Amino acid sequence: MMPELGKYAGAVLSAYGASLGLIVVLVAASLWRARRVKAQLAAVEARRTEGAPQ
Amino acid sequence: MASIWEYANPRKFIRTTDVVLPWVTAAAVLCLVVGLVWGFFFTPEDYRQGSTVKIIYLHVPSALMAINGWLMMLAASLIWIVRRHHVSALAARAAAPVGATMTVIALITGAIWGQPMWGTWWAWDPRLTSFLILFLFYLGYMALWAAIENDDTAADLTSVLCLVGSVFALLSRYAVNFWNQGLHQGATLSMDKKENIADIFWYPLLVCMAGFILLFLALVLLRTRTEIRARRMRALLARERLG
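From first to last, the protein sequence lines are chains A and B.
The C-terminal residue of the first sequence carries number 54 in the working numbering, and the numbering is unbroken.
The C-terminal residue of the second sequence carries number 243 in the working numbering, and the numbering is unbroken.
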């Protein structure tokens, strides 16, 4: 049920495509870095706990 | 009642956002899906602009967050300068890529909308130009954070840059009123019912704006948590190196 966009279909669709694409990239990059940093911090903290005197 | 400054404690911030973040994210997704589907599929063409009016549901909310993202960074930077709370400096850092993306979306959708309506992708119009400068400030702000190793020095210098850039954030909002020239129209939204856009476009636009505000908030919370963890990791690695 695509709406009738007439002669401006290219403009409207490219605006939506570019914007949603940028938002998806931003969200994906934020999630990827969040997971990576969390895992790296956990590894550093585990190393520190192992190295601590008993 | 708990003081707001309690949230300046990184552990308290992470504990609180553990609870808040899923709700903000769900609300953002809901508002974005409802607003964009409503705006794209269920609104009519404008009698002058045809179907290009549907670009408003991306252009106006992203421009709103481009400006207000910088103002949020300004507030966080001022808190850093005055009270030296690390979480506020890290929140400003976390917001910059989100604000920069919003600015790019506003610039791209504006160009795509401008081409059929004005006959040009770009003009050195006061609002367009001040928006481009705002985008360059975002890039400069992120580059400055990345270039300085010491977190406190980086926070100090970027806070000053943020204060300077705020002039352009405000200019990009009021440029049309100040210079009263150029291609870009005045404010799309108005408290005056006669000046404001028609209700049939206004209601889905309101939902989209709420969606973009919530998306910005969710991403800033997520990224601030990441910056807090990254800062702790840098501190631990520095201690390891010292032995």
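If you're looking for bench data, these hints aren't it; they were derived computationally from the structure.
Given the structure is predicted, the values throughout are model-derived calculations rather than measurements.
Please note: incorrect hints may appear among the correct ones.
Partner residues are not named here, just some residues of chain B that face chain A (Cβ under 7 Å, in silico) [to be verified]:
| id | residue |
| --- | --- |
| 1 | Gly50 |
| 2 | Ser51 |
| 3 | Met72 |
| 4 | Ile108 |
| 5 | Ala111 |
| 6 | Met117 |
| 7 | Leu219 |
Note that the Cβ used here is the ideal one computed from N, Cα and C, for glycine as well.
How the hints compare with the structure:
The interface hint given for B/Gly50 holds, since its Cβ lies 5 Å from the closest Cβ of chain A, which is under the 7 Å cut-off. At its closest, the beta carbon of B/Ser51 sits 4 Å from a beta carbon of chain A; the interface hint therefore holds under the 7 Å criterion. The beta carbon of B/Met72 is not positioned within 7 Å of any beta carbon in chain A (closest approach about 16 Å), and the interface hint is therefore violated. Hint status for B/Ile108 relative to chain A: holds, with the closest Cβ pair at about 5 Å, below 7 Å.
For the restraint placing B/Ala111 at the interface with chain A, the shortest Cβ-Cβ distance is roughly 9 Å, beyond the 7 Å limit, so the hint is violated. At about 9 Å, the closest approach between the beta carbon of B/Met117 and any beta carbon in chain A exceeds 7 Å, and the interface hint on this residue is violated. Taking 7 Å as the C-beta contact cut-off toward chain A, the hint placing B/Leu219 at the interface holds, the least distance being around 6 Å.
Consistency with the previously given hints fails for numbers 3, 5, 6, ordered from lowest to highest.
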